[in-house]
Amino acid sequence: MASAPKRFKAAVESGAQGKSSADSLSGFLAWCGRAGVELNPKVRLSREGAVAGYGMLAAEELEAGEVLFTIPRTALLSQHTTSIHELLQEAQESLQSQSGWVPLLLALLHEYTASNSHWQPYFSLWQDFRSLDHPMFWPQEERTRLLQGTGIPEAVDKDLANIQLEYNSIILPFMETHPDIFDPKLHTLELYKELVAFVMAYSFQEPLEEEEEDEKGPNPPMMVPVADILNHVANHNANLEYSPLCLRMVTTQPVRKGQEIFNTYGQMANWQLLHMYGFAEPYPGNSHDTADIQMVTLRRAALQRAKSEAQQQLVSEQWDFLCQLEMVGEEGAFVLGWDEVLTDEELSMTLKRTKPDILTLPVIYPFAWVTTGALHVRRRIQGV
Numbered sequence: 000m001a002s003a004p005k006r007f008k009a010a011v012e013s014g015a016q017g018k019s020s021a022d023s024l025s026g027f028l029a030w031c032g033r034a035g036v037e038l039n040p041k042v043r044l045s046r047e048g049a050v051a052g053y054g055m056l057a058a059e060e061l062e063a064g065e066v067l068f069t070i071p072r073t074a075l076l077s078q079h080t081t082s083i084h085e086l087l088q089e090a091q092e093s094l095q096s097q098s099g100w101v102p103l104l105l106a107l108l109h110e111y112t113a114s115n116s117h118w119q120p121y122f123s124l125w126q127d128f129r130s131l132d133h134p135m136f137w138p139q140e141e142r143t144r145l146l147q148g149t150g151i152p153e154a155v156d157k158d159l160a161n162i163q164l165e166y167n168s169i170i171l172p173f174m175e176t177h178p179d180i181f182d183p184k185l186h187t188l189e190l191y192k193e194l195v196a197f198v199m200a201y202s203f204q205e206p207l208e209e210e211e212e213d214e215k216g217p218n219p220p221m222m223v224p225v226a227d228i229l230n231h232v233a234n235h236n237a238n239l240e241y242s243p244l245c246l247r248m249v250t251t252q253p254v255r256k257g258q259e260i261f262n263t264y265g266q267m268a269n270w271q272l273l274h275m276y277g278f279a280e281p282y283p284g285n286s287h288d289t290a291d292i293q294m295v296t297l298r299r300a301a302l303q304r305a306k307s308e309a310q311q312q313l314v315s316e317q318w319d320f321l322c323q324l325e326m327v328g329e330e331g332a333f334v335l336g337w338d339e340v341l342t343d344e345e346l347s348m349t350l351k352r353t354k355p356d357i358l359t360l361p362v363i364y365p366f367a368w369v370t371t372g373a374l375h376v377r378r379r380i381q382g383v
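First residue of the sequence shown? That's 0 in numbering that gives the first Met the number 0, and the numbers climb one at a time after it.
Calculated from the structure, these hints are not laboratory results.
Distance condition first, Cα-Cα at most 27 Å in a straight line; then the derived DSSO-like pairs of lysine-lysine:
no. : residue 1 : residue 2
1   : K351      : K306
2   : K192      : K157
3   : K157      : K184
4   : K41       : K256
What follows is a set of in silico ranges between Cβ atoms, one per label pair, in the way DEER data are often shown:
no. : residue 1 : residue 2 : range
5   : H177      : Q97       : 21 to 29 Å
6   : G64       : E140      : 47 to 55 Å
7   : G336      : P253      : 26 to 34 Å
Glycine included, C-beta positions come from ideal geometry on N, C-alpha and C.
All chains, please: the whole structure from these sequences, using the hints.
Next up, the structure:
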């Protein structure tokens, strides 16, 4: 039977990790108590024993279905709970963007730098957002050399371009309109980029029913203190549940005393984890890992194997036809999972339409290229 969570009182990590870290965690736990967060006394938050950064560990054995903590919606940090929420509400039309993150990022820019912010004990857990080790903070040469073939360098280039575009076209004009709250010398592009990484790594999006999402679009992201301390593995043992008044983290399987409690960030391949969160699961732990072959790579292979201009013309025409059917695209990928091709329909149709008799070994090479890139990623993460 699941035990009822108690008022927030958790064991503070050992002093071996340093007084500053312990003080930050103690201050955060005190803030949680004031904010109405309730924590099961059978768990603790600590750096010691966690796979990375802070984590949640079982202080006693846990059964499946136990509530680990409950956090009221008033303790969530979003565009609706920030102290400048009225300002953001008034300007919502001018703050629309491709990412949909601008209102939350403006809230974070303000709360992170305001000395009297209600959220300062929460932010104290993250002294340096660059420690998240997102590839966007790597030198470009290193990113290209280590991650070639994974799709990450291209994704990061798009991220950086979009960050600069949003900052220059939306953030700066908004700050200039409100000089009493924002200062471009303090709220810089670099800080904005670091907060984007923070949102990528730690924010949550409340799921909607498919019909609601089609009608309203996805929910905006929000920061969920305590929940974002849990690390991720594919074989997770806890899951976040949403209700109108609060959010609850619940165990999905028994947890041994001393074992780390893991949430899930979704069924994500290692390249997605590295891109979005700054880490990858060591082989073979990630059962959701994939090898992605860019669709345009198969097109190039087909054209290279064509024995005449007529065959090349036929491949091009068939490819254009597949594009019209939205089966392939310039930015699409064929996704190979552990046990099956996850984009089986798209790959089968493409192979048929682009004349499989002229596709032989060159189609295999991209797969080797991708897996080689993944090996480099693992070495980078493990510090080899």
